[in-house]
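The sequence shown begins at 236 in this note's numbering and counts up by one.
No wet-lab data here; the hints were simulated from the structure.
Note that beta-carbon positions come from the ideal geometry of N, C-alpha and C, so glycine has one too.
Across the chosen pairs, the derived CB separations fall in these ranges:
hint : residue 1 : residue 2 : range
1    : 246       : 309       : 29 to 37 Å
2    : 312       : 253       : 36 to 44 Å
3    : 246       : 310       : 27 to 35 Å
4    : 250       : 311       : 28 to 36 Å
5    : 290       : 253       : 34 to 42 Å
6    : 311       : 254       : 38 to 46 Å
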Amino acid sequence: MDRRSLIAIAEQLVPESPALTEAVRAAVDDRWALAELTQGLQDAAVMEYIDWSDDPEMARETLESLKFHPSSMSWDWWEEHEDDDDGDEDIERFLGLAGEQSRKHGVLLVQLDLGADGYLLGFVPTGSAKDMIKVGSLIVVRRGWQDS
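The whole structure should be built from the sequences, with the hints applied where relevant.
Structure (structure tokens):
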């Protein structure tokens, strides 16, 4: 991911925090600065890290804590898919389905791909996501998202 992409994300997700945007500017090739950026997004409650080994219940609680989580989004749909065996890991399947559900509520579940073993995820209002996706910074989470 390039510097311009990270700056665009910070400016759009947390416009009230110029300090976070400045942290991004410092994160060109500095892993520590990138860690500061990630922490800044988490502190602003716009993105949160979900580990590949987390269970769906932990992931749900994490997603519900995010700034743009739609309060109208129910999690009842998971019960009918919980025992599906389509070869995916539970967490990947859960997140893909959560991404599909979020669209019904005017937001996209997105991943900022940092090349880690987990997923830095957040909800982004549909209109804002289009600009960020054009920059190539975000991956829209939906069913089969890890296959592409």
